[in-house]
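Dock chain B against chain A, hints included.
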Amino acid sequence: MMLTFLLRRLAIGLFTIWGVLTAVFLIVRIAPGDQATVALGPDATPEQIAELRHTLGLDQPVLVQYLNFLGDAVRGDFGQSYRYGRPAMEAVLERFPATVTLTLAATVIAIVVGIVLGVVAGHRPGSLVDRTTSAATLGLQALPPFWVGIMLILVLALWLRLLPSAGGGDLEHLILPAVTLSIPFTALVGRITRSGVAETMSEAFVRTARSKGLTEREVLTGHVLKNSLVPVVTVVGLQVGTLLGGAVVIETVFAWPGLGNLLVGAVGNRDYAVVQAATVLIAVCVIGLNLAADLAYARLDPRIRLEARR
Amino acid sequence: MSFRSLAERPSGRTSGRTSFRSLGGYVIYVILGLYVFAAVAGPYLVPYDPVATIVTERLLPPGSATASGTAWLGTDGVGRDVFAQVVHGARTSLAIGLVVVLVCSLVGVALGAIAGYAGGFADLAVARTIDVLMAFPGILLAIVIAGLLDRGVDVVIIALSVAGWIGFARLSRSVALSIRERDWVDAARIMGVRTPAVLTRHVVPFLAGPVVALATMELASVVLSEAALSFLGLGLPPYIVSWGQSIASGKEYLATAWWISAFPGIALSVLVVCIGLLGDRLTKRFAQR
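Respectively, the protein sequence lines represent chains A and B.
Residues in the first sequence are numbered consecutively from 1, following this note's numbering.
Residues in the second sequence are numbered consecutively from 1001, following this note's numbering.
Zero decoy hints are in this set.
Reference listing, derived: stretches of chain A covered by chain B, where coverage requires no fewer than 3 residues with Cβ under 8 Å from a Cβ of chain B:
1) 10 to 16
2) 28 to 34
3) 128 to 141
4) 149 to 159
5) 239 to 248
6) 264 to 276
Some chain B residues near chain A, calculated using beta-carbon distances under 10 Å:
7) 1128
8) 1135
9) 1140
10) 1143
11) 1145
12) 1149
13) 1231
14) 1273
15) 1280
Derived from the structure by calculation, the hints contain no laboratory data.
Note that the Cβ used here is the ideal one computed from N, Cα and C, for glycine as well.
If we strip away everything but chain B, and leave its shape as in the complex, we get:
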């Protein structure tokens, strides 16, 4: 696998390794495709009951035979299959990630485009709100919100969305600021097109590329944050399989059963790195315009 395409190159140098670059790209798509397959079809192929406990089969090393087949990645502290946790966790991570990114991009693009296009008070209000939210670093805000409210999928989505729209708003604002000066926007305005229509027809379409690139990057960070929340025990309720919870549950058995924490973590890391690489490619592509 080649990461050649992703290393920053000084301007003016061109790469002659196009075949290598596209090969690296295919690998990313294949891996991401596997994750999507695991998320969509996996739970039907690999049955798993997050609340069932089989005490006789606890802490089995990878490859052990169990009553229901072979535990390829071992079993955890209460005898649940780690491979099944990895597969079911993919669905949780991707589903939560996609919903949060969707919410954030809609809210962010709307607020950013309005702020950039309208200027004045709207711009000021959005800018100051962003200042306040940015004062809470990393997932601090999500920890406090998810931790103090009752545990649930909806609360996790809200907690991760509260600060997630900022990037989209900043991006949309700056694009809208430059686009509102263009001739076709003036022309539309002069012809009496109303502001909402100007925004949706003449400003927002130019956001599509950069927003998709940003959404990919954001997806990686949301998947990570969800895992971190669940790891801290402040995220999803225990009856939903999550890599973060699996990693946390393996921490106490680290000395005797390393596989409980290791495999869900590898699944999480590979996913996040691949999404990041994809985002990097998309960002490069849309930045060149």
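Isolated chain A (complex conformation):
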């Protein structure tokens, strides 16, 4: 049964990747100015443009171009970046690890801080601590991350001089962008943990645990937390993709040398090959992560598998 579910999900995933490739192909065709015109600049002669169009295959019928694009894309070939003068996928993969580092760091912060906040708030539902934390998380979830990032630079880097404001590479540079990126996610994890914990606190087994003489700490870690973390696991799995999207903007704020920074620059320069390669890579990551979250969830909860069969 698990195998059928897996195959079904995999098929949908592959179909979605095809859809992503088609969408990316279409966006570039709709954009004004094709690759040849953009790459050669305003001074190019019509002959030069025609020659490059021929080399790139842009003089062929759209359907042929589409099939060629799909064929190349499957092999990871999105063409040459005209700005970097090398294969676009190569340039994109070089920046990818920095983005993964940033996203993972933000995820870890969000999970740790979010769960702590959620437990503190949910432990005594309705208390002042709970209300303050809940209001704070609700507000933090809505704040514009790119502006929060700039304000963090202002206060922590420029006024207090505690951390570097921009750049990348080491741990010092990672802290600010990772914290900024994690804020909405921390708030989300906090809210979900809080409602899980608050609900579990009124369960009979919590009363049993208390009455058998466990300390409040043992009750929370041993009994409450375990039972309220299942929704957190699911949300983390599904939201890591969203974090990847958020990283695109945050990387620009902090000049973090990752994929998002590269992508925003490439969009501005109309470096189509890099735009396509970066967009497809991010989308494939999201599809993969969602698939993994789905499978993990299906393993934890058999009802999901049964649902999918219908």
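Just chain B now, with coordinates in the frame of chain A:
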């Protein structure tokens, strides 16, 4: 101000602080009312020319006197008034947000209701399209579309709408799925009412409440995305005032003139948080039914 009403409460607990809750609600409405006032009347009360530059009045701190009065929130790198940018930005943000949400809700409700009611191929097509669009996280799709097409208001609206209808479609689909099994829908069908009429008369009216709640939440996220696009320099053209652009323009003067980025950001944050709180209230209200 009390956010009591907005904190999730475990089921079965009732709050005895009704007066506090409604007070918190009034504050939200008052703040949102101020924004709407600023968006509608502000540009007539606070004149502003986004392309004029007064070099002698650049980077003045908040409260400085200028030739045209007092710059309560300071001036930016080319001597433009930050307060005026905040006021004019409110109009841009709300106008773009409302148009995008309107487009998205119309498209989303139509596609979702049809998919849920008709099932079969229509349902499959909508579901798979949503899968594809959801593979582009956050505002990635908007960045690529708005960035590659020529800059303009219409392009920003399209770029933000491309993925914005998904939430409405999913919501409408699930409601339509359950409503099509109800007796009155069967009765209408048996009496020979045609499908479009069944949809508009007997299915869509039940979507109104949840759709309004979702639209409010969506408005907050569209306002944020528009600001992010403009911040990246991929959104609105420079002659339209936008908080995102103001925040970006202040980034290079952060060390000397923090107010250029800070105040438009505060305006944006307060607006988005208030819309979010309102959406939260509406969602709770319509989920209770």
